[in-house]
Each structure stands twice: as structure tokens, then as C-alpha cells.
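K.L.:
Spelled out from the first residue to the last, the chains are:
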Amino acid sequence: MRAAIVVFPGINRERDMAIALERATGHKPRLVWHKETALDGIDLVVLPGGFSHGDYLRCGAMAAQAPIMAAIRTHAERGGHVMGVCNGFQILTEAGLLPGALLRNASLRFLSQDCHLRVERADTAFACHYQSGQVFRAPMAHGDGNYFADDDTLDRLEGEGLVAFRYATPEGTIDRAANLNGSARNIAGIYASNLRVLGLMPHPEDLVDPLMGGTDGKPLFDGLTQALAAA
Amino acid sequence: MAKKINQALAREFGLSADEYQRVLDIMGRTPSLTELGVFSVMWSEHCSYKSSRVWLKTLPTKAPWVIHGPGENAGVVDIGDGMAAVFKMESHNHPSFIEPYQGAATGVGGILRDVFTMGARPVANLNALRFGDPSLPRTKRVVDGVVRGIGGYGNCVGVPTVGGEINFHPSYNGNPLVNAMTVGVLDKTRIFLSAAAGIGNPVVYVGSKTGRDGIHGATMASAEFAADSGEKRPTVQVGDPFVEKLLIEACLELMATDAIVAIQDMGAAGLTSSSVEMAGKGGVGIQLDLDAVPQRETDMTAYEMMLSESQERMLMVLRPDRQDLARAIFDKWDLDFAVIGHITDTGRIVVTHKGITEADIPLDPLAEQAPLYHRPTVETPKPASLGPVADPVGIVPALLKLIGCPDLCSRAWVTNQYDSTVGGQTVKRPGAADAAVVKLDGFNRALAITTDCTPRYVAADPEMGGMQAVAETWRNLTAVGARPLAITDNMNFGNPEKPEIMGQFAAAIRGMSKACIALDYPVVSGNVSLYNETEGKGILPTPAIGGLGVLDDAHDAIGIGLKPGMGLVLIGTIRGHLGQSLWLREIAGQEAGAPPPVDLAAERSIGDFVRGRILAGAVQACHDISDGGLLVAIAEMAMAGNTSVSLEAAPGEIAPHAWWFGEDQGCYIVSVLDPSAFIVEATVADLPTRLIGHTQASGTGGAGLKFKDGATISMQDLRAEHDRFFPEWMN
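Protein sequence lines, in the order shown, are assigned to chains A and B. For the first sequence, position 179 matches number 179 in our numbering, and the numbering has no gaps at all. For the second sequence, position 120 matches number 351 in our numbering, and the numbering has no gaps at all.
In short, the hints are calculated from the structure, not lab data. Worth double-checking, as some hints may not be accurate.
Said to hold, decoys possible - For each label pair, taking beta carbons as the anchor points, the in silico distance ranges come out as:
| hint | chain 1 | residue 1 | chain 2 | residue 2 | range |
| --- | --- | --- | --- | --- | --- |
| 1 | B | 369 | A | 58 | 32 to 38 angstroms |
| 2 | A | 27 | B | 603 | 41 to 47 angstroms |
| 3 | B | 562 | A | 174 | 37 to 43 angstroms |
| 4 | B | 632 | A | 35 | 54 to 60 angstroms |
| 5 | A | 122 | B | 562 | 44 to 50 angstroms |
| 6 | B | 295 | A | 122 | 51 to 57 angstroms |
| 7 | B | 615 | A | 170 | 52 to 58 angstroms |
| 8 | B | 529 | A | 41 | 38 to 44 angstroms |
| 9 | A | 170 | B | 877 | 25 to 31 angstroms |
| 10 | A | 65 | B | 632 | 35 to 41 angstroms |
| 11 | B | 565 | A | 108 | 52 to 58 angstroms |
| 12 | B | 843 | A | 169 | 39 to 45 angstroms |
| 13 | B | 553 | A | 169 | 55 to 61 angstroms |
All residues carry an ideal CB built from backbone N, CA and C; glycine is no exception.
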């Protein structure tokens, strides 16, 4: 799998993502500056976490206008895989590649703690090393992770099986207490209709090494590496 | 609106009559407004350390692993594998009281710049915070603003905030302390310094544009607050962490080339102190053309530009043949890049603006004739030792109250607002261990970092308190298995013109020196914040210490969380010292007695033994005994590991409450699979130990702590008390 990480000014989890991808694939991903315009020969494009353009205006709004976005759009239209994590998820919604929006956390405070995610479907390149219904732990670190979409959109996402992960208790129960940022229907991550574009708020890339407290995030990268090896 | 330059104006700028006379002598004429501004900020307490320098010079600053001690932007120590750690702690107390969010945020920004200025990528932030009485609404607003400010800045720049401390005391009601610490790492052959060189070399300004914010901030930080301090708000700077992030990346990219001759951040006193210090250290002169300075406001005067403390700016001296390369890097990051002057051989700083020479000052006298005060000192009287104090409530209620009190309760509400994992190297997050542990990307090696100070001890006995603060950081680094290397100190005291305050300062330094020497643990950087008083009332003297240690292999690091099936052994001697303890304050309602004594020889031998056993893999968890004593430490270990503990009885010769809650120093609790073997080894080394309990799995709703007499405290009750304060207070 050939992976690229897009670096927008103000992004700060590109190194975490590079470490996780290198652990899984055995080689360093390509870092692509936001002013570049081509993504040739890339299987997976990752938009990492951080504060692109300082989160000024709206999280992700300015990055969504960056020169590289046309190439990302083309990559997605061709059926290429795209993953946006945290600020990357916000950029994908601002760019219209995923529906909905990420609002201020319900508590109006930044949240930096581990959460538990329930895998809603495992038949995708991203989740194929998890089981459907499995719960895994991931750190979250965001001020604007409160997923919002209108009811029709939420119904469509659920109806078409496009919810990727939901905030859950460690036992897998979906309830208010587990939904720390107040997201609609506990949604932590969603897919585009072709299941090849994923956006999620928490950071599986920060939990791929037992030394850092666990490897719950590793199956995501191992799964991608295996699924896209054939590509 | 031209101001008349005279002694009255000099006084307004914070210069004494004596100091103004010295300016006249150096200049041989009446200075211009800009020149007077330059002298006043360079000679402010904040920039000149005029009251503290004589004492700071007595601190030990050398060791074979110290690469740069005090005098550079930050201290640098060798950590092995060809790498070095760069670190410093700095206060932003005065701004944080006036405007908590921006005060704290720019405090983080400033200390980050001190570290990446030297070529290091920042890898960890910590902060030592002291606030007033929690029952005051103002305290709540300050805490909320400071926490949001630290998070707002640190989270955005992408440096994990991994540790720190928070205390409350009424002495901080009108003067909270915000001490921010940054640690960075670099290749030890690629350290950047600030001494300018190369006559004719360009002086380059990069970063944010200059505005009118923060003018005379350094002078404000050198004065006491009166009741009208709200009016000082315009002197507080406004931070932009996004620009800081770009500046970090652009500077590090440039530092990978050979373009930079010297570099210095524009911190307190902005363009003035950076240009004066760079030229002064290099023994050269500097010519600045202010028309070239990127400006964000119109009609700025030379005085305003020289004194502005606008944030996120750096000054560099470049090789002339690398100017285009440097400009291209800053263009890439959309940052201003302006050649605003050049290095001269005149030994003077000459500032021109709109064709007029606004300042022309000889640099040597500005530095060498800076005021230096041997201020009178009065020793703090030794406190009367505390007689026996009866236990008014019993052990279990006292424990529940203590672990829920503002000084000991869970900090999760605070630390959950700080990104502690960004970078992917955080081995021990806040609360998991006695020190934060952050791995070096690409190496097995890890840094251990902590900040500590017990201000109530320092107030009661400044020398012992200074010693204790240093020893506690050393102990906390040891408890994770790290080899302590060096400290940074942030000396927060009251008005140095009062002999009793200066007496506290001198004694604290004396105690710190003794500890540094005994522990081979020198001071490599630091900062002094004086005049921490509001309406004549000083803070508790607070020499906050930031300690740094190294683990050759990050896998060796251990935390405080217990696992089942272990024995708990106390190593060190508990005599039941209740003087100045939290038990005495929270349960018996007294702040009295002498602080617990520190025995530096015992500290060293016990610590070295504990570290040895940790590195041998023989210790599952370790926690030092500090605030709240033995039982609080055990409760913290039980909660962190969700594991219950059956306790052995207290020894008969010590009153039970003194045994469980005394704050005796130099003690650790270790969790070990084979307690007998550990005790035998310690006994062979002639070190005191005692078996204090055993651990068991904690079932749902099961006992957290079981006492020998049958009393129990459930894990649920422990947690409920421990977790309650911050969320209830803030929501």
C-alpha cells in the first residue's frame, strides 16, 4: 500500500500518522504539501489531525479550499481510499466529500481522553481487521467533534450502513454517557457511499504500540495495508 | 504629545532616581524617549535579575552531562545517543491575573520559543499552577481561563501537555502563579545560540507583525499590583498559536541548513532585548532600521516598536549568501521575513526610523552597568515544632476528606483539556506515574519530566523548603526509573525590597544548592518572578522546580497503578511528621510547625537503590510519599490500577494518624512480586523497609482498602470523593 499524508499548515498529527502507517506497511508514507496538485501512484490519502489554518473561520474550512483538494477529489472519484482523522474529518465534511459537520463539543471544552468505539461494520478496507460489534479504545483530542447532520441524512447514513464507528461504553453499549462530545446518534466516524472514504474523530494512530498504552488502533492500519496491498 | 524626558518620566518607566542618573552618565546627555524605554526594560527586574543575580550565581550549574547551563535561552543536557534535551520553565504570573486566558496562552508560547530558538523540536509541555482560595468566584474564573489558555495554545501547536501541578492557597488570591515548562530535543551537534557575529551580516525579523500589544510588559511584571490592576490589561499580549506552529516548522526547516549565524526569540521587551542581547553576547554592534519592521498597526513610533511584546516573532543573524534560501522557507510557511538591519563593529545599538536616529546606546555599559542589588535580608524565624496533635476524626474519614480536597483531588478535569498524546510518544500520561515519560521518536530512550514545589514548607522554613522542592523532583523522576539529570527553577517570590522576602529567597536558594550538590543534579536554566504581591500581601514563596531525567530504554518506565498479587513495601523512614502536612491543615485546621526534614544522604542512597531495582525489572509500580502521606499515596496507587490493597497494621510506636498521614521525606512505596526478596536486598544495602500490604483484584463494588482492624473503604467511595471537586466546582 502506498500512502500519502497531506500536510496543511497547522496540522500537528502528521508524525503520529506516519509512525502508525510505517509500523503497518514497513515503509514511510509520502508527505504531501497542501499546495501540491498531484497524488499519482497513491493508494491511500490521509488527512491527519491538527489545527489547519489555526481552525480560524471554521475547523477545516480553509484547508478544504487548498490546491491539493482537487487531486484528493479526483482520487476519491476514481475509487481511491481516503481517510480523514480529527481535523482531517472536519476538512472532508467542509469539502463535501462526507456529509454533515463537526460542531463544538457539547461541553464547550476541549476533550483529551480515551474513548471506546464500536465497529459498526467490518467489511471495509479500514475495519477488516476488526469484528463487527467489536469495541476498541482510542484517544480523542478535539474541541469540535460533535457530529451533526439533519435527520434525513442521519437516517440515510444508518439505512445505507455508512456509520463506521460509534462512541460506546467499554462493554459496547451505545448510551449518552459514552457520547462525550454530544455527537448525533453517538457517531464517531462515517463512510462515503462507496465505503472508500472514511472520516473519524478519535486517533487510532496514537494507540499502535504497547509502550504508549495499547495497540487497539493497530488493526485499522494492518487491515488497510492488507486490503490495499492487492490494489 | 512629545513627553518631557526627566526623572519623573523615568520613574513612570520603573527606573529609580539612582538608575536614571546612571543612564545620564552612560549617555552623557538626556536620553531620547526610545533610549529611556530601552534602558528601563533592560534594567527591569524581569530582564536584569538585579535583585536576584547575586543569589542565583551561587547555584551549582555544572556536571559532565551539562552542555549549556544558565545564560542561554534554555538549558541543554546530554541525554545519550548523540541527542540533547533543551528545557526551561518560565513564569507568566502577572499577565495571567490580569487576563487569564491570554496570560497563560502566551506564557506557553514564550517558553516554547525559548526552546525551539536553540534548534530543538519541543516534545513536552508542563505547567506549575498556584491559585487562590477556591471558594472565591474570582479564583474559579482565573482557573477556567488559565486552563483554557494553556490548552488553547498547547493543543494547537501540537506539543503534548504531559504534566504539572496545581495548588490552592489564599495567598495567591490576587496573584496566581502560571509557570510553564517546555522540553525539546535535538542532535547535540546542532545547537543554535544567540551570540551575533559577522560584521555586515543581515539581521532578519521573522514571524508575526509588530503591534502595540504588550508595551512595557516587562516593567509590569516587575511591579506589585494595586487594586486597579485591571487597567493594565492593554499591556497583556495576545497569542496566535497557529503562527507559532508555522514558526516552529519554518525555523526547524531553516535550522537544517547552514544559514543561521545566531537566533533569538523576541520575548519580554521584544525587539529591544533580543537585539541588545544578541549583539552584546557577540561583542559586536547592531544597526536597526525600523521602517523595515513588519507592522500591523499604522503610525507606530520607534518607542512603540522597540518596546512591543507582540508574540510569535524571532530575530536572526544570517549568512548573507543564504538570505534567499531563508526567505524561500519563510515564504513557504506564509510568514513575514524582513531584513531590518545588520551587524556592525561599533559596539552600539543604533536605531533609525524615518531617517531619524531614535536611539544610539553603547552596549557594554547597558549590560555591565545594569543595576545589581545586594538587598538586605532577614532570616525567616525557625518555626516552633509541633507538639502532639490529637486525631479528631479517625483514619477513614480523614482519608476520604484528604483525597477529595482541592490540593489532592483528581486533576482529570484539567488534564482532559490538554492534548497529552499528540506526537505519539507519550509513554506515561498525566496521573499515570510520578513523572511524565515521553519517548524520543526513533530511539529507545525516553525523557522523564516533573514539576514540584511545596510552598507551605518553603514559607515555614525556606531553606528546608527549597531543599525539599529539588529533592521531590529527583524522587519523582527516580520513581519512574529515570536517572535525574538537571533542573530548571522558577523562583516566584514577593517584593524583594522587603528584607523578609529577600531572606526567603536567599534561604531557598541555599537549600536548593545543597540538594543539587548532594544529588548531582545541577540547575541549567531558570526564571525569577518577584513582586508577586497584591496590596502589600505576598504569596507563599514558591521556587517551582522542573526536573528532567532520562531512561535508556522507555520500556523500563513504571507508573503508580497497582496490579493484583503484589506485596507493597515502604522504603525509607516514617516518623509521623505532621508539621505543615495537609492532614494538619485539612483535618486539624492548622497551618503550623516545621516542614518535614530532608536527609539528603538518605535521599540519595534510597533513591539510587529504588532506581536500580526498577531497572532490574523487580518493581511493578512505585510512588513516592508526598502531600497527604502514606495512606493517600496507597489510595492513589489503588485507584490508578483499579486494584485493592489489604494493609498491615500501623507500628505501635507511632500514633496511627501520624503514621498514615505524616509527610516524611525520602520514602517510596514499591509494588513487588516478591516483597521478602526486596526487603532482604534493601537490608543488605542498609536501607530501612517495612511490609505495608498486599494487593488483590478489585471486583465491582469491592473493597478498595482493607485495614488490619477490619475497616474498609470501597473503591467506589474512594473514586467518588477523589473525582468530585473539579467537576462540581466548575459546572
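K.L.:
Does the beta carbon distance between residue 843 of chain B and residue 169 of chain A stay inside 39 to 45 angstroms, or does it fall outside?
P.N.:
Roughly 42 angstroms apart at Cβ, these two residues keep to the hinted range, so it holds.
K.L.:
Note whether the CB distance of residue 632 of chain B and residue 35 of chain A lies within 54 to 60 angstroms or breaks it.
P.N.:
With Cβ atoms ~59 angstroms apart, the hint holds.
K.L.:
Between residue 565 of chain B and residue 108 of chain A, is the Cβ distance one that fits in 52 to 58 angstroms?
P.N.:
violated, 30 angstroms
K.L.:
With respect to the beta-carbon atoms only, verify the hint that residue 170 of chain A and residue 877 of chain B lie 25 to 31 angstroms apart.
P.N.:
Holds, at about 27 angstroms.
K.L.:
Go ahead and decide if the range 32 to 38 angstroms is satisfied by the Cβ distance of residue 369 of chain B to residue 58 of chain A.
P.N.:
holds, 33 angstroms
K.L.:
Holds or violated: 37 to 43 angstroms for the Cβ distance of residue 562 of chain B and residue 174 of chain A?
P.N.:
At roughly 49 angstroms between Cβ atoms, residue 174 of chain A and residue 562 of chain B fall outside 37 to 43 angstroms, so the hint is violated.
K.L.:
Between the beta carbons of residue 295 of chain B and residue 122 of chain A, is the distance compatible with 51 to 57 angstroms?
P.N.:
Cβ of residue 295 of chain B to Cβ of residue 122 of chain A: about 56 angstroms, so the range 51 to 57 angstroms holds.
K.L.:
Is 41 to 47 angstroms respected by the C-beta to C-beta distance linking residue 27 of chain A and residue 603 of chain B?
P.N.:
Given range 41 to 47 angstroms: violated, Cβ gap about 59 angstroms.
K.L.:
Check the following: the C-beta atoms of residue 553 of chain B and residue 169 of chain A are separated by a distance inside 55 to 61 angstroms.
P.N.:
Holds, since residue 553 of chain B and residue 169 of chain A (Cβ atoms, about 57 angstroms apart) stay within the stated range.
K.L.:
Between residue 122 of chain A and residue 562 of chain B, does the C-beta distance stay in 44 to 50 angstroms?
P.N.:
holds, 46 angstroms
K.L.:
Do the Cβ positions of residue 529 of chain B and residue 41 of chain A conform to the proposed distance bound of 38 to 44 angstroms?
P.N.:
Violated, since residue 529 of chain B and residue 41 of chain A (Cβ atoms, about 50 angstroms apart) do not stay within the stated range.
K.L.:
Mind checking the hinted window 35 to 41 angstroms against the Cβ distance between residue 65 of chain A and residue 632 of chain B?
P.N.:
violated, 56 angstroms
The structure does not agree with the numbered hints 2, 3, 8, 10 and 11 stated previously, though it agrees with the rest.
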